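Novice: Given next are the chains, with one letter for each unit.
Protein chains: 2
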Amino acid sequence: MITPKKRYLLTPGPTPVPEEVLLSQAKPMIHHRTSEFRQILKQVMEDLKYVFQTQNQVLIFASSGTGAMEAAVVNLTADGVKFLPIVGGKFGERWKEICSSIGVDFIPLEVEWGKAVNPEDVEKILKSDKNIKVVLATLCETSTGVVNDIQKLAEITKKYDAILVVDAISGLLADEFKMDEWGVDVTVSGSQKGLMLPPGLAFISLSQRAWEIVEKVNVRAYYFDLKKARKSGAEYDTPYTPAVNLVIALSKALEMIKDEGIENIWKRHSQLATICRNAITSLGLKLFAQKPSNAVTSVALPSEIDGTKMIKFIREEFGVSIAGGQGKLKGKIFRIAHLGYMNIFDLLVGIASIEFALHHLGYKFELGKGLLKVEEEFLKQYK
Amino acid sequence: MITPKKRYLLTPGPTPVPEEVLLSQAKPMIHHRTSEFRQILKQVMEDLKYVFQTQNQVLIFASSGTGAMEAAVVNLTADGVKFLPIVGGKFGERWKEICSSIGVDFIPLEVEWGKAVNPEDVEKILKSDKNIKVVLATLCETSTGVVNDIQKLAEITKKYDAILVVDAISGLLADEFKMDEWGVDVTVSGSQKGLMLPPGLAFISLSQRAWEIVEKVNVRAYYFDLKKARKSGAEYDTPYTPAVNLVIALSKALEMIKDEGIENIWKRHSQLATICRNAITSLGLKLFAQKPSNAVTSVALPSEIDGTKMIKFIREEFGVSIAGGQGKLKGKIFRIAHLGYMNIFDLLVGIASIEFALHHLGYKFELGKGLLKVEEEFLKQYK
Chain G
1 MITPKKRYLL TPGPTPVPEE VLLSQAKPMI HHRTSEFRQI LKQVMEDLKY VFQTQNQVLI
61 FASSGTGAME AAVVNLTADG VKFLPIVGGK FGERWKEICS SIGVDFIPLE VEWGKAVNPE
121 DVEKILKSDK NIKVVLATLC ETSTGVVNDI QKLAEITKKY DAILVVDAIS GLLADEFKMD
181 EWGVDVTVSG SQKGLMLPPG LAFISLSQRA WEIVEKVNVR AYYFDLKKAR KSGAEYDTPY
241 TPAVNLVIAL SKALEMIKDE GIENIWKRHS QLATICRNAI TSLGLKLFAQ KPSNAVTSVA
301 LPSEIDGTKM IKFIREEFGV SIAGGQGKLK GKIFRIAHLG YMNIFDLLVG IASIEFALHH
361 LGYKFELGKG LLKVEEEFLK QYK
Chain Y
1 MITPKKRYLL TPGPTPVPEE VLLSQAKPMI HHRTSEFRQI LKQVMEDLKY VFQTQNQVLI
61 FASSGTGAME AAVVNLTADG VKFLPIVGGK FGERWKEICS SIGVDFIPLE VEWGKAVNPE
121 DVEKILKSDK NIKVVLATLC ETSTGVVNDI QKLAEITKKY DAILVVDAIS GLLADEFKMD
181 EWGVDVTVSG SQKGLMLPPG LAFISLSQRA WEIVEKVNVR AYYFDLKKAR KSGAEYDTPY
241 TPAVNLVIAL SKALEMIKDE GIENIWKRHS QLATICRNAI TSLGLKLFAQ KPSNAVTSVA
301 LPSEIDGTKM IKFIREEFGV SIAGGQGKLK GKIFRIAHLG YMNIFDLLVG IASIEFALHH
361 LGYKFELGKG LLKVEEEFLK QYK
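Chains G and Y, in that order, give the protein sequences. According to the numbering used here, the first sequence is numbered sequentially starting from 1. According to the numbering used here, the second sequence is numbered sequentially starting from 1.
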């Protein structure tokens, strides 16, 4: 009955790609230095502004989201500038690693994994060290399932005349995010999350304030040189070969996003996240994130259950992919995503497979309670 | 949360088509009068014998299953031969309509809808009317969800030297069926059911005994002339243009079927059917079929619920297609299929959407009970 084993992707990236998007990618290859492609690029660059909630240009790179993170740091490396990476999980650590690797001056703000950064802590540091000119933050810290208060961080950075760079790779479209209204200076994201695309595209958008700094930097990067990308982008072009079919797929995904409307998308993610959390706690399990993101629910496991085994069982037996813990959380938590192209039935499959695994691993709980909770919460929110 | 509305096809045909099969269909067009295509046709004609459980040739037509039903009747229309269509639902009626339309001599055996034919009733008629030489039966009567005892009918027809023609369109691969071992003379089927293909192909296989009659008939048909098809088929060819891409898709589907194994496929359908029936009755609903098929579960609705409204609600709100009643059962029953490319999670989606609809329509039941039953029954059968 488990055969045919179909694939259910409930991980916080890659996320399921709609059939229409997959098919749009499968169209015959076209050349990128053509008016046909430029027209597509123009449209997607315009539509991305809506997704980022900005009037700034959104640049597209053929790279993973990490590429855009590096681009942000390397292009903001002006003389005497010190960086403040906020480190509350694996992706906060990535900011720190990028700073190390590029060799910029930085002091990390370590945050207990599972907690959001306290904006007051950021304020204290900015107040005490005037050389800190760039704060590196994360919207949804995918490894812990925590969402950070970006709006508040933006207020503080503005007050101290620092630049706020936000990794919105997994959070974009799931957690509310308003780049211009909130005053975020740099936003980076990737394709394989809320944008419902395969991996391979990274995005970056900079405020006027950020561009002013970037313009003065003698950037020590070639591929990720934002000034070059900006110049080409102004003509709806790219300095190097773009990932043509992914851009075509992006145009289809953006069409779907505009049709649904960003407020509706945020609301759907919030509703699915609420239902998921309630289903999880109804099974007697504890949420790991103190301030949970709408992209992913991270769940603390009782010590008698090995998370790595649990994830493996679910994937191998049912074809359902959920994520385990990363770094120091390996084996101790699992993470179920409700990110991108997902609806109530995807959640039902996820919760059922978790119930089956808990049953298999001898955990004591009331069978069916998680599914009942999904139904109850759904009906509460439905109409 | 209902958005994105994905499609869930839980109807007894068309059934979900595996991605691998869909992609195989999307390969560039090839010509049919080539050794490349003949090689494919040879392989699928061999593999179809396994699915039909026969050593006889299985012929392929570009048509719906109904085409193969007509082919059976028109090619068996020898002088003085009288037909006995067994009519226990819409597809039994189709046998009768084909007989009428072709103008053959026939007497129908009417069976109460929802019940299987009593083989003794067939025996009585064959005993009393020696001119009846062809019995037209149905493996799974899709309109009522009933499975008929084909093995018993084959024993009886053999005893009275009559030919047994079986419409195995929706039953094939879901309900156990052994053409040669049981002594079935003619089997017809279609592509869009257990074979996991889009509609467009019909299949027919005849025993030696049936061919002896067909060979003598001066057939009043051109496209469905079985003698011509047999002759071409012997050289792995078709008299007229075959549905090339569907045949290529068929070869992929047959690969998957051989990999799973027909006994496992029968077992899976039987397990899913059992789980589905238990989930349905746990909601206080009644099964309509007295002897239910493993392809589809038909459910009698309480008079206060309009089945047509219910089906419409489920389809429009959730993107889930289940089937309503046909003919005189319209509005009175609904039918949920577990046929072809389906697993436990498909059933979960089906039962959840039925629970949501029942709740919406004000039916009194314990929410979540159907889903719990699915989980309980699954765990009983699992390992």
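The reader is advised that the hints may include incorrect statements.
A pair holds if it fits inside one copy or across any two, identical chains being indistinguishable in the list.
Stated by the list, open to error - Under the rule of at most 25 Å between Cα atoms (straight-line distance), these lysine to aspartate or glutamate pairs were calculated in the DMTMM-like manner:
1. Lys158 with Glu123
2. Lys115 with Glu376
3. Lys309 with Glu376
4. Lys6 with Asp259
5. Lys231 with Glu376
6. Lys5 with Asp47
7. Lys5 with Glu260
8. Lys312 with Glu260
9. Lys5 with Glu123
10. Lys291 with Glu112
11. Lys309 with Asp149
12. Lys252 with Glu316
13. Lys231 with Glu112
14. Lys332 with Asp306
15. Lys312 with Asp259
Since the hints were made in silico from the structure, they are not lab data. Fair warning: this is a prediction, and the values are worked out from it, not measured in the lab.
Novice: Against this structure, judge whether each hint is valid.
Specialist: Here is how each hint holds up against the structure:
1. For a Cα distance limit of 25 Å, the shortest separation of Lys158 from Glu123 inside one copy, 11 Å, qualifies, whereas the shortest one across copies, 91 Å, does not.
2. Taking the shortest Cα distances, Lys115 and Glu376 never come within 25 Å of each other, neither inside one copy (29 Å) nor across copies (37 Å).
3. For the homomeric pair Lys309 and Glu376, the shortest alpha-carbon distance between copies (22 Å) is at most 25 Å, but the shortest distance inside one copy (30 Å) is not.
4. Proximity of Lys6 and Asp259 under a CA criterion of 25 Å is satisfied inter-copy only: 15 Å between copies versus 28 Å inside one chain copy.
5. For the homomeric pair Lys231 and Glu376, neither the shortest alpha-carbon distance inside one copy (53 Å) nor that between copies (61 Å) is at most 25 Å.
6. In this assembly of identical chains, the alpha carbons of Lys5 and Asp47 lie at most 25 Å apart only when taken from different copies (22 Å versus 37 Å within one copy).
7. When the C-alpha separation of Lys5 and Glu260 is checked against a cutoff of 25 Å, the pair qualifies only between copies, where the shortest distance is 11 Å, while the shortest distance within a copy is 31 Å.
8. Taking identical chains as interchangeable, the C-alpha atoms of Lys312 and Glu260 lie at most 25 Å apart only when they sit on different chains, with a minimum of 22 Å there against 34 Å within one chain.
9. Taking the shortest Cα distances, Lys5 and Glu123 never come within 25 Å of each other, neither inside one copy (51 Å) nor across copies (44 Å).
10. Proximity of Lys291 to Glu112 under the C-alpha cut-off of 25 Å is restricted to the intra-copy arrangement: shortest distance 12 Å within a copy versus 61 Å between copies.
11. In this assembly of identical chains, the alpha carbons of Lys309 and Asp149 never lie at most 25 Å apart, being 34 Å within a copy and 46 Å across copies at closest.
12. Taking CA atoms no more than 25 Å apart as the test, Lys252 paired with Glu316 passes between copies only; the shortest distance there is 23 Å, against 32 Å inside one copy.
13. Proximity of Lys231 to Glu112 under the C-alpha cut-off of 25 Å is found in neither arrangement, the shortest distances being 41 Å within a copy and 77 Å between copies.
14. In this homomeric assembly, Lys332 and Asp306 come within 25 Å of each other (Cα to Cα) only inside a single copy, at 7 Å, whereas the closest approach across copies is 49 Å.
15. For the identical chains of this complex, Lys312 and Asp259 are inter-copy neighbours only, at 23 Å across copies versus 37 Å inside a copy, given an alpha-carbon limit of 25 Å.
Checked against the numbered hints above, the structure violates hints 2, 5, 9, 11 and 13; every other hint is satisfied.
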